Structure formats: structure tokens, C-alpha cells
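K.L.:
Turn these sequences into a full structure, and let the hints guide you.
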Amino acid sequence: GAGVSQSPRYKVAKRGQDVALRCDPISGHVSLFWYQQALGQGPEFLTYFQNEAQLDKSGLPSDRFFAERPEGSVSTLKIQRTQQEDSAVYLCASSLVPGRQDTQYFGPGTRLTVL
Amino acid sequence: KQEVTQIPAALSVPEGENLVLNCSFTDSAIYNLQWFRQDPGKGLTSLLLIQSSQREQTSGRLNASLDKSSGRSTLYIAASQPGDSATYLCAVSNDYKLSFGAGTTVTVRA
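Each protein sequence line maps, in turn, to chains A and B. In terms of the numbering used here, the first sequence opens at residue 380 and continues consecutively. In terms of the numbering used here, the second sequence opens at residue 118 and continues consecutively.
There may be inaccurate statements among the hints.
[Unchecked claim] Here are the simulated SDA-like cross-link-like pairs (lysine to any residue), alpha carbons at most 20 Å apart as the crow flies: (1) B:Lys159 / A:Thr482; (2) B:Lys118 / A:Leu439; (3) A:Lys436 / A:Val476; (4) A:Lys436 / B:Asn211; (5) B:Lys159 / A:Ala417; (6) B:Lys118 / A:Leu434; (7) B:Lys185 / A:Thr482; (8) A:Lys436 / A:Arg460; (9) B:Lys159 / A:Glu423; (10) A:Lys457 / A:Gly438; (11) A:Lys457 / A:Leu439; (12) A:Lys457 / A:Ala417; (13) B:Lys159 / A:Pro487; (14) B:Lys159 / A:Ser466; (15) B:Lys159 / A:Arg388.
[Stated by the list, open to error] What the simulated footprint calls covered on chain A by chain B, stretch by stretch (three residues with Cβ under 8 Å from a Cβ of chain B suffice, anywhere in the stretch; the number is not a length): (16) 416 to 424; (17) 482 to 489.
[Stated by the list, open to error] Simulated DEER-style distance windows between Cβ atoms: (18) A:Gln462 / B:Val137: 36 to 44 Å; (19) B:Ser186 / A:Glu450: 37 to 45 Å; (20) B:Ile124 / A:Pro449: 36 to 44 Å; (21) B:Glu120 / A:Leu418: 17 to 25 Å; (22) A:Arg460 / B:Ser186: 43 to 51 Å; (23) B:Ala227 / A:Leu475: 33 to 41 Å; (24) A:Ala381 / B:Asp156: 14 to 22 Å; (25) A:Phe445 / B:Tyr193: 37 to 45 Å.
Derived from the structure by calculation, the hints contain no laboratory data. Just so it is clear, the structure is predicted and the values come from calculations on it, not from any experiment. Virtual Cβ for every residue (Gly too), placed ideally from N, Cα, C.
P.N.:
If you want it as C-alpha cells, here you go:
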């Protein structure tokens, strides 16, 4: 079956531009996560949704970052007034059930480059 | 805050040699530990998930052990192949979110 998909796969933005990154989780998956992976580092948690509810946004680095999942399926991560330090790969993951025991399935990521 | 460390950062071995990848974490109150594989330009593929109550998991040539009390896990890959070349990431879960190490980049030489 289809896995987690993300679009666009690559995005180049000029500093100060707004960007929107999309995640399509596996159908029926309740939990959805966003992670940020800087070059040479492991992914860092950004935010967590259970259905349409954003239960944790403690990892969002600034108020320029905003995420939503209005219908409990597709999610969008928006970055306003992009800065060079926002350059990274943004990974989306989903899992079937909420809670701590389930495997997270990752998408291919969106590589954002801010010039 | 959970800190996850992976040693070594990079490893190069000839084909057929066994691989040993190490992961350590500072907070032993974890729910599970996962090993992922990441190929260049691609997302993460889950290899093994070990629940906190388990000591090891096996899948084919892969075996992962977990010593929760000492905060350590080891991934063994038997009889390495060039196709095993990738970055391997360890991640622990203290709640619903994962804390990752920086990974070990493995090169298997033919």
C-alpha cells in the first residue's frame, strides 16, 4: 500500500519568503509527527497531531513555524519569513494508533534550502 | 532531556564482515527503541523496534539488543553486503515522540 508522501521533495526559497510543506500520512493513521533534520544530524521533533488536534508543538523553533491538520489526515507545515537557519530536511511520520508503542512510518522528506 | 549518542559516526568494512553499531541514551525510562536506516535523499525505514520489556529483536541478518538499565543498545548486522551501505539511526521514545542519535554512516566495500 501507499506509504507516507511529502511534497514538494525539494524547495528553494529566498530569505524572507513563506513556504508550505505538505504531508499525506498513511490512510487511517491517527498520529502524525513533523521532524526537522539538519545536515549530519538526527531528526529533531517539531510537533505532534492526534487526528486534527495538535497535542504538542514544543519543538517548533519559533513562532514563524505553524502546522495544521484540519481534517485529521493531510498536514501542512508552514514557515513564515524563512531564514537561512531553516534550511534542513523536514520529515513527516505517521502511526496507526496514538500512544507510545507504535512504529512511526516516515515519508521521504522535503529538503528546504533558504538562500 | 533525552540525549542519544551513536558511536562510531562512520564505519567502513569489507563485504562479509559483521557490523556492530552502538547507541547510548541518558534517560533509561524509555517505552521503546527503534533502529532506522536512511539512504541518501530518502526517508527513514524502520528496521527493528524493541519494546522496553524486551532484551532483543531479530530480523533476518539483523539483531538488536537493549540494556535499558545501562542505557545501551547494539545493532548487529551479520555478513555485511554492499547494499547495507547507509546511515543507521537509533531512536528512543520516552513518550510519543522519538529522540534520535546523529547516526552511524556505514560503507561496505565490495
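K.L.:
For each hint given before, does the structure comply? Return the numbers of the non-compliant ones in rising order.
P.N.:
none
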